[in-house]
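Trainee: Chains A and B, in that order, give the protein sequences.
According to the working numbering, the stretch in the first sequence is residues 1 to 768, in order.
According to the working numbering, the stretch in the second sequence is residues 1001 to 1338, in order.
If you are wondering where the hints come from, they were derived from the structure by calculation, not from laboratory data.
A portion of the hints provided could be inaccurate.
Stated by the list, open to error - Here are the simulated DSBU-like pairs of lysine-lysine, each with C-alpha atoms no more than 35 Å apart in a straight line:
1) A:K29 to A:K15
2) B:K1308 to A:K210
3) A:K139 to B:K1289
4) A:K767 to B:K1277
5) A:K635 to B:K1219
6) A:K29 to B:K1043
7) A:K399 to A:K136
8) A:K635 to B:K1013
9) A:K767 to B:K1062
10) B:K1043 to A:K210
11) B:K1043 to A:K288
12) A:K753 to B:K1153
13) B:K1043 to A:K136
14) B:K1062 to A:K635
15) B:K1043 to B:K1008
16) A:K635 to B:K1289
17) B:K1013 to B:K1062
18) B:K1219 to A:K139
19) A:K288 to A:K183
20) A:K15 to A:K635
21) A:K61 to A:K29
22) A:K210 to B:K1277
23) B:K1062 to A:K753
24) A:K315 to A:K210
25) B:K1308 to B:K1088
26) A:K635 to A:K183
Unchecked claim - Pair by pair, the computed Cβ-Cβ distance ranges are:
27) B:S1279 to A:V30: 38 to 44 Å
28) B:H1105 to A:D200: 56 to 62 Å
29) A:R35 to B:V1064: 56 to 62 Å
30) B:H1105 to A:E88: 47 to 53 Å
31) B:E1184 to A:A761: 29 to 35 Å
32) A:G18 to B:H1105: 36 to 42 Å
33) A:R12 to B:A1329: 25 to 31 Å
34) A:P711 to B:A1329: 47 to 53 Å
35) B:E1281 to A:G402: 55 to 61 Å
36) A:F700 to B:E1281: 40 to 46 Å
37) A:A763 to B:S1279: 40 to 46 Å
38) B:A1329 to A:R177: 29 to 35 Å
For glycine and all other residues, C-beta sits at the position ideal for the given N, C-alpha and C.
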Amino acid sequence: MIVASGLKYQARELKIVGTRPLRPDGVDKVTGRARYGADISLPGQLIGKVLRSPHAHARIKSIDTSAAAALPGVKAVISRDDFADMAEEYAAAGELTINFRDVTRNMMAREKVLYDGHPVAAVAATSEAIARAALKLIKVDYEILPHVIDVIAALRPDAPLLHEEQYTEGVNPRPARPSNLAKRLEFARGNVEAGFAAADTIVEREFTTKPVHQGYIEPQACLASYSEDGQAELWTSTQGHFVFRAQCAKLLQMEISKIRVTPTEIGGGFGGKNNIYNEPLAIALSRKSHRPVKMVMTREEVFRATGPTSGGHVKVRLGATRDGRITAATAELSFQAGAFPGSSVAPASMCAFTRYDLENVRVIGNDVTVNRPKVAAYRAPGAPIAAFAVESAIDEMAKKLGIAPIEFRLINAAREGTQTYYGPKLGKIGYIETLEAARAHPHYRAPLGPGHGRGIATGFWFNIGNETTAALNINEDGTATLIMGTIDVAGGSRAAMAMMVAEELGIPFDRVRPHIGDTSSLGFNFITAGSRGTFAGGMACVVAARDAIEKLRDRVARIREVPLEAVLWKDGHAVPAEGSARQFAPMSLAEIAGQAGKTGGPIAGHAELNVQGAGPGFGAHIVDVEVDRQTGSIKILRYTAVQDVGRAIHPAYVEGQLQGGVVQGIGWALNEEYVYDADGILANPGFLDYRIPVASDLPFIDTVIVEVANPNHPYGVRGCGEVPIIAPLAAIANAVENALGIRFYDLPMAPPKVLQAIDEAAAAASKA
Amino acid sequence: MMRLPWFKYCAPKSVAEAAHILAAEGRDAMLIAGGTDLLPNMKRRQQTPATLVSLREVPGLKDVVNGRGLTLGAGLTLNQVVNLPAVKDAYLALHQAAGQVASPHLRNMGTLGGNLCLDTRCLYYNQNEDWRRAIDFCMKCEGETCWVATSSKRCMAVSSTDTAPALIALGANVRLVSAAGEREIAVNDLYQNDGAEYLTRQPDEILTAVSLPDLAGWKSTYWKLRRRGSFDFPILGVAAAVRTAPDGTVLDARIVLGAVSSRPILTEAGGLLQGGKLSDEAIAAAGKKATSAAKPLDNTDLDLYWRKDVVSAFVGYALREIRGDDMSATRLRIMRQL
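Using the sequences and the hints, build the whole thing.
Mentor: And the structure:
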């Protein structure tokens, strides 16, 4: 069977897809048997630790590792001298683009340290205590430089410069002077000047958000073993073992075939495990010490040196006619990239207005380097920041025009055929259906208590496909082993894949055992990011299953001596085609599999695809809040997330994704932020002082799954994991505005900020 | 992960034996009960005792004696304290304070005595060793300067115990036992306003019991402010205890603030209420008086001016609850629990 890029959607009766079986990885997780990154060990392993910069910005004058190397128990010490310098070379990593010149410098500082926590050297020793003692013996001579943390401050002409050779890309002519503005993007369509001229009302506002961390529970952990014949094995907690393999090979100048990466169970990633950190260091330490080397980050290292997402500054301008039609929209987004270029400003710019069918749009995105850790993808990278600004402005516009927020969105809603301002026309999408489902939900009409406020906001995310492989081995007893190349980032994609395979084969769900293969067992898979797991991974699994079914039919045709087209596959059996002259006794999968050895050998299906046709996802959120007027504390009373997921293969896990995204969005809106002191040192690198929401802060989060099938997937899947984090920031801000009559333009909406605004509003009212 | 430094571990079987070990080991030894405060601190090398003297196997430290008043063993876990009907019935502020310390897991391990002796906290102190080295340490531990107030002669770390304000409002005493003898002091006298030397307990003394007076005719309450509804240390605690005549005239009142200084503060606001009724005006005046006593600094969560601003509101919540107003909706909203 030939499949170019995938299969189309076919509506049909389903037995397994859409049910809620227990996940294959569930028992091991609740009994503590599941093996995460830090659970993997090898005999004779060393412990690797990293020396990190205590300065936000400094030139490295010298590094003396001799005393550390001489400490008994220390088997290897590495620093910048152990890695080749890399030229500028771009590669995709998840939704963001990386540059190997920067990746090697982020992994191990070369000329300068650019943020508090930047790696400077690493040691491997026989115990963690010795490794820590060795770090203290490394002498680094720094020339401390002025630093810059804030994105607007970094754009000033007199701002401290992170990269002396950085001339803004994307502006013509090339600037005369280097600056912290790494790149300027522009997306435009129509004529915004004419659009604003045609508007009856204009809303123009500025918004800021703080950097927040992905907050995955499992810190990064890896184990590397480099053998004397130049082969390396790596176990690591990752969202993309093939991409990690490629990056390690590049950074260590090895051939790809000489590295095998085995992904461990992953304790959350949310985009934060798209990037290598300790992995090349562990391989380099193992190469130097001839021993396996294990490296486990502390939570503090996770906060100081991995993730977070950008803090952003967004200017929005909207024009609309009296009857509610948006005539023009512009935005300028400035994102902190951290120490190296490459923030999520590009996807954020593309998502900013792509919920609306607009004629005149211009979006400018600025990618700005500052003395903070290099940002990583975080669940719909950048889109929540853009949506916070745009959906707040949309709400304000709707109010000015006296149109209900959902109606205003419906008037302007993107639909099939809408031309985006960044390129493609939208295919079949479910934004209108999502808005209508939100409007029909009892929550939308429920009476509000005194002082309570309700907010609405919506989100859009592209979702992606990309390179994906799978293999399905039919076992001798008629069960099936599925080897997949996408990571189950804990959302339950193993269950979803096994369900689709079981549906295809017509056998019970528990007869399909899904397993995530290492990099030597399958062809290349792109990172599990962009909500592609169940869409692209599922496509590969279905293609592999159908490939196996073709082979099963072929065997039966030979056994029963009938033509191939006389054999159909139905409910786990090969059956004669209805009305065919060549009738025969049906054979079950187990019967065929039992004879496989005698009829041509083992049976397996394969898929090697570059999956296209991802279906964009849209969400509409409704939230009720109560604000304590004496303390400014905001309580979330009720929350409903409505989302078009195309098709929910396993509805319970889809609901879990929606709820999880909302929770992270609530944290972003109300509490979470990186706090730096005057010297650029992170003051809250731990979960006690970096406050993610806990159960006592959250209501039950209600979910409504809308299913507008993606025509480019056999089961209609769009992907669902990222959309739900986009809308909460604006939805909560809009709800607070409705409760207090005060709009907040800066996140987080922490109690002191809220109380100050309440007091100022009261003072202004009493004066008036 | 962060690991503990090496230490010697002693598990004495009596208070006398524990006191003897403490006397012999001197300042290198520290007591450990639940360990929920000490062990993370040790991992961050904020404290590196050569010897840990465990109180877990000492009999009698979990005793509850219900006579005239109530005596609670210092080794009772916070959850055990929460679940004692005698505490809930007569000493509601303690019940509420103990029930809001940290999270359920930590309340299952942490003890009443441990919470009273809880180390003071500060953003410049509750960091690991490397972090603190990067700022050349601070006055509380190994350094010279208080980074919160660089001209300060004393450490400004914050008292973060929830149970102490409640017990001060309730007029409780603690018993301190050493090899040389034992003494009983008011909980209020257990503390001094110095973030580094925040306890008057001597290093060789063991806090063995908390004794509460008979409080017939009193009503008490504890209100805790923190960013999230569980897990966080207080950024303000207000404990109030009031005794009223049948006509509602206030005979005695104590209002105590936690987490706005290096020690719990017994304010003068209680005195203002004496002889009058708990009217809205009296409550507002008490709130204003209590606010003037609060001295929050920029070394814990959220803005310090805001933390001072909300004292008055919190004192109001507490006193209105004692007056008999239904504050359950506010309590649920602010503290996420009843």
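Trainee: Now tell me, hint by hint, if it's right for this structure.
Mentor: Going down the list of hints, with the structure as the test:
1. A:K29 to A:K15: Judged against 35 Å, a Cα distance of about 27 Å means the pair holds.
2. B:K1308 to A:K210: holds, 25 Å
3. A:K139 to B:K1289: Violated - the C-alpha atoms of K1289 (chain B) and K139 (chain A) are around 54 Å apart, more than 35 Å.
4. A:K767 to B:K1277: holds, 34 Å
5. A:K635 to B:K1219: Status holds; Cα separation ~29 Å.
6. A:K29 to B:K1043: holds, 28 Å
7. A:K399 to A:K136: violated, 60 Å
8. A:K635 to B:K1013: Violated: K635 (chain A) and K1013 (chain B) sit about 48 Å apart, past 35 Å.
9. A:K767 to B:K1062: Between K767 (chain A) and K1062 (chain B) the Cα gap is close to 60 Å, so the pair fails against 35 Å, i.e. violated.
10. B:K1043 to A:K210: holds, 30 Å
11. B:K1043 to A:K288: Since the Cα atoms of K1043 (chain B) and K288 (chain A) sit roughly 30 Å apart, the hinted pair holds (cutoff 35 Å).
12. A:K753 to B:K1153: Holds - the C-alpha atoms of K1153 (chain B) and K753 (chain A) are around 32 Å apart, at most 35 Å.
13. B:K1043 to A:K136: Holds. K1043 (chain B) to K136 (chain A) sits at ~17 Å (cutoff 35 Å).
14. B:K1062 to A:K635: The given pair, whose Cα atoms are some 38 Å apart, is violated under the 35 Å limit.
15. B:K1043 to B:K1008: Roughly 15 Å separates the two Cα atoms, so the pair holds.
16. A:K635 to B:K1289: holds, 29 Å
17. B:K1013 to B:K1062: At roughly 13 Å apart (the allowed maximum being 35 Å), K1062 (chain B) and K1013 (chain B) satisfy the hint.
18. B:K1219 to A:K139: violated, 61 Å
19. A:K288 to A:K183: violated, 38 Å
20. A:K15 to A:K635: violated, 42 Å
21. A:K61 to A:K29: Distance of about 48 Å is beyond 35 Å: violated.
22. A:K210 to B:K1277: Cα-Cα ~47 Å, so violated.
23. B:K1062 to A:K753: Not satisfied, since the Cα-Cα distance of roughly 44 Å exceeds 35 Å.
24. A:K315 to A:K210: holds, 15 Å
25. B:K1308 to B:K1088: Within the cut-off at roughly 29 Å; holds.
26. A:K635 to A:K183: Judged against 35 Å, a Cα distance of about 39 Å means the pair is violated.
27. B:S1279 to A:V30: 38 to 44 Å: The hinted range 38 to 44 Å is violated for S1279 (chain B) and V30 (chain A), with Cβ atoms some 56 Å apart.
28. B:H1105 to A:D200: 56 to 62 Å: holds, 58 Å
29. A:R35 to B:V1064: 56 to 62 Å: violated, 45 Å
30. B:H1105 to A:E88: 47 to 53 Å: The hinted range 47 to 53 Å holds for H1105 (chain B) and E88 (chain A), with Cβ atoms some 49 Å apart.
31. B:E1184 to A:A761: 29 to 35 Å: Violated, since E1184 (chain B) and A761 (chain A) (Cβ atoms, about 52 Å apart) do not stay within the stated range.
32. A:G18 to B:H1105: 36 to 42 Å: holds, 38 Å
33. A:R12 to B:A1329: 25 to 31 Å: violated, 52 Å
34. A:P711 to B:A1329: 47 to 53 Å: holds, 50 Å
35. B:E1281 to A:G402: 55 to 61 Å: violated, 43 Å
36. A:F700 to B:E1281: 40 to 46 Å: holds, 41 Å
37. A:A763 to B:S1279: 40 to 46 Å: violated, 26 Å
38. B:A1329 to A:R177: 29 to 35 Å: violated, 59 Å
When each numbered hint is compared with the structure, violations occur for hints 3, 7, 8, 9, 14, 18, 19, 20, 21, 22, 23, 26, 27, 29, 31, 33, 35, 37, 38.
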